[in-house]
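J.: Sequence:
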Amino acid sequence: MAPGRSAYPLEDAAAEHLGSRAVPNADEPQEHVAARQAALVLALWKPLQQKLDRLGLAEIMARIETPLIPVLAAMERTGVPVDREWLGVLSERLGREIQRVAARIYELAGEEFNIGSTRQLQQILFEKLHLPAGRKISTGFSTGAELLEALAPDYEICARILEYRELSKLKSTYADALPKLIHPRTGRLHTSFNQTGTATGRLSSSDPNLQNIPVRSEVGREIRKAFVAPPGQVLLSCDYSQIELRIFAHITRDPELMRAFEADEDIHTATATKLFNVPADQVTPEMRRRAKTANFAVIYGQSDFGLATTLGISNQEAAAFIKEYFAKFPGVLQYKEEVLRAARTQGYVQTLMGRRRYLPEINSGNYNIRQRAERAAVNMPVQGTAADIMKLAMIAVHRFIQQSGRCCALLLQVHDELVLAVPEADLPSVATEVVRLMEGAYPLAVRLKVEAKAGPNWAEMAPVGMVSG
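Reading the sequence shown from the start, the letters are residues 591 to 1059 in the working numbering.
Simulated from the structure, these hints should not be mistaken for laboratory data.
We put the beta carbon where it would ideally sit given N, CA and C, even for glycine.
One thing to keep in mind: the hints can contain errors.
What the hints assert, rightly or not - Pair by pair, the computed Cβ-Cβ distance ranges are:
id : residue 1 : residue 2 : range
1  : Gly734    : Asn956    : 20 to 30 angstroms
2  : Leu600    : Glu697    : 56 to 66 angstroms
3  : Pro920    : Glu682    : 52 to 62 angstroms
Said to hold, decoys possible - As a list, the in silico DSS-like pairs of lysine-lysine whose alpha-carbon atoms are at most 27 angstroms apart:
id : residue 1 : residue 2
4  : Lys815    : Lys1039
5  : Lys759    : Lys770
6  : Lys1043   : Lys918
7  : Lys770    : Lys815
8  : Lys1043   : Lys815
9  : Lys882    : Lys913
10 : Lys1043   : Lys864
11 : Lys882    : Lys864
12 : Lys864    : Lys913
13 : Lys1039   : Lys926
14 : Lys770    : Lys882
15 : Lys882    : Lys918
16 : Lys1043   : Lys882
17 : Lys918    : Lys864
18 : Lys926    : Lys882
19 : Lys864    : Lys815
20 : Lys759    : Lys815
21 : Lys926    : Lys913
Could you build the full structure based on these sequences and the hints that come with them?
T.: Written out as structure tokens, the structure is:
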């Protein structure tokens, strides 16, 4: 009902729906505080249920959010096995890599300095080396990732600074921090899943955040090796393939997007054939890269400037590229126009299952604020529906585990992926059923597709053979 809020204290809810606000009393006995809060929860049930009914959100609550609570509780209680020794080895390796990269940065700069100091970095890059400066902020010219990434192809020092930051982040956030969070009795990490922490309905996690463990860089993937299967079991990863693009095809009903998915074509190659007017066998890697960027740029409402920066082209070329995209995929343009019109009229957008995101800024007179709301309006029905589908899948998989009596456990939910611990002997049958449940979690006009892999840890995995019939 308030998806834009990351927290909703009980006292705030009571003030809003009951018209009462308790005055905090530091001397009040804790048993009195607990009793008062329990009474507030009971008193809030009726007005909150009535509001859910009035807003058409009761089904989301009954079908998704309430059944998901015991699923998340079980996952938090189970935890994830972690190889403490491997994290120690990785910490030492990262430390050596950080020293190597720092030495190269000092060599390129001609002196040693504090790489972590924004002011000293500004002095080296813009005053001493006279690199092109980007936008100016209150503390001087920006040294953020966006600028450094733009300069990296031409200036090695920028590439090395980005590498230094990534290595330092991996070491401090994961290799050094995770061992301290391992439970002394279970030997596992027990994250907290936040069910209502995002405006789109996606889950987040904290203490530690296991959803941001990197996967794209080689050294980032090494972190995932620390997440291991229990003895006698393997980790099973079941990942939705291009779920947001499939939902996008369903929502827009664009005939070309629908056809490509129905034919099980590579969607980015299929997009490239339309944008560049070439057959599939003549699509180059660069054409596919541009088509892929365009697909996600449209979903996420990226600006001409943003697309130009990503593709390394001019703003005019980016605008022409998007115009061509809309010409070749008219259903996409029609969807964008319709969803923006609805958002401006009713003040919110919603997922296929009715989850809402309110966008009061959609009619703002401030261009930047309005643009941000428009991007959210286009993206939220897609990303929010993906979140709803994942939650339905988690509920179904948890129910299967309970009813089957197998020694399986849901361990992680990361973006579009579920990670389970499964006995080796049960792997083919369990993987087959989990894939079936995930693909059938919600009916779309295009088939949902799930890819299953398994292995001794989260990094070293191979495709799993399915059980036929």
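J.: Hint by hint, note whether the structure agrees.
T.: Status of the hints after comparison with the structure:
Between Gly734 and Asn956 the beta carbon distance is about 23 angstroms. The supplied range of 20 to 30 angstroms therefore holds. Restraint check, Leu600 to Glu697: a C-beta distance of roughly 57 angstroms satisfies the suggested window 56 to 66 angstroms. Range check, Pro920 to Glu682: about 56 angstroms between beta-carbon atoms, so the 52 to 62 angstroms window is met. Restraint check: the Cα-Cα separation between Lys815 and Lys1039 comes to about 26 angstroms, which is no more than 27 angstroms; the hinted pair holds.
About 16 angstroms separates the Cα atoms of Lys759 and Lys770, which keeps this hinted pair within 27 angstroms; it holds. Pair hint Lys1043 plus Lys918 does not hold up; C-alpha atoms about 35 angstroms apart against a cutoff of 27 angstroms. A hinted pair counts as satisfied when its Cα atoms are at most 27 angstroms apart, and Lys770 with Lys815 qualifies at roughly 17 angstroms. About 15 angstroms separates the Cα atoms of Lys1043 and Lys815, which keeps this hinted pair within 27 angstroms; it holds.
Proposed proximity of Lys882 and Lys913 is supported: the alpha carbons are some 16 angstroms apart, at most 27 angstroms. A C-alpha spacing of about 32 angstroms is found between Lys1043 and Lys864, which places the hinted pair above 27 angstroms, so the restraint is violated. Using a Cα cut-off of 27 angstroms, the hinted pair Lys882 and Lys864 holds, with the two alpha carbons roughly 12 angstroms apart. Taking the CA atoms of Lys864 and Lys913, the gap is about 13 angstroms. The hint holds against a cut of 27 angstroms.
For the hint linking Lys1039 to Lys926, the alpha-carbon distance of about 25 angstroms falls within 27 angstroms, and the restraint holds. Restraint check for Lys770 and Lys882: not satisfied, since their Cα atoms lie roughly 40 angstroms apart, outside the 27 angstroms limit. Taking the CA atoms of Lys882 and Lys918, the gap is near 15 angstroms; set against the 27 angstroms cutoff, the hint holds. With a CA separation close to 24 angstroms, the supplied pair Lys1043 and Lys882 stays within the 27 angstroms bound.
Of the supplied pair hints, the one linking Lys918 and Lys864 holds, its CA atoms being roughly 7 angstroms apart against a limit of 27 angstroms. For the proposed pair Lys926 and Lys882, the alpha carbon gap of about 18 angstroms is at most 27 angstroms, so the pair holds. Annotation: proposed proximity of Lys864 to Lys815 is violated, straight-line Cα distance about 40 angstroms (limit 27 angstroms). Straight-line distance between C-alpha atoms of Lys759 and Lys815 comes to about 17 angstroms, which keeps the hinted pair within the 27 angstroms bound.
Distance restraint check for Lys926 and Lys913: the Cα-Cα separation of roughly 13 angstroms lies within the 27 angstroms cut-off, and the hinted pair is therefore satisfied.
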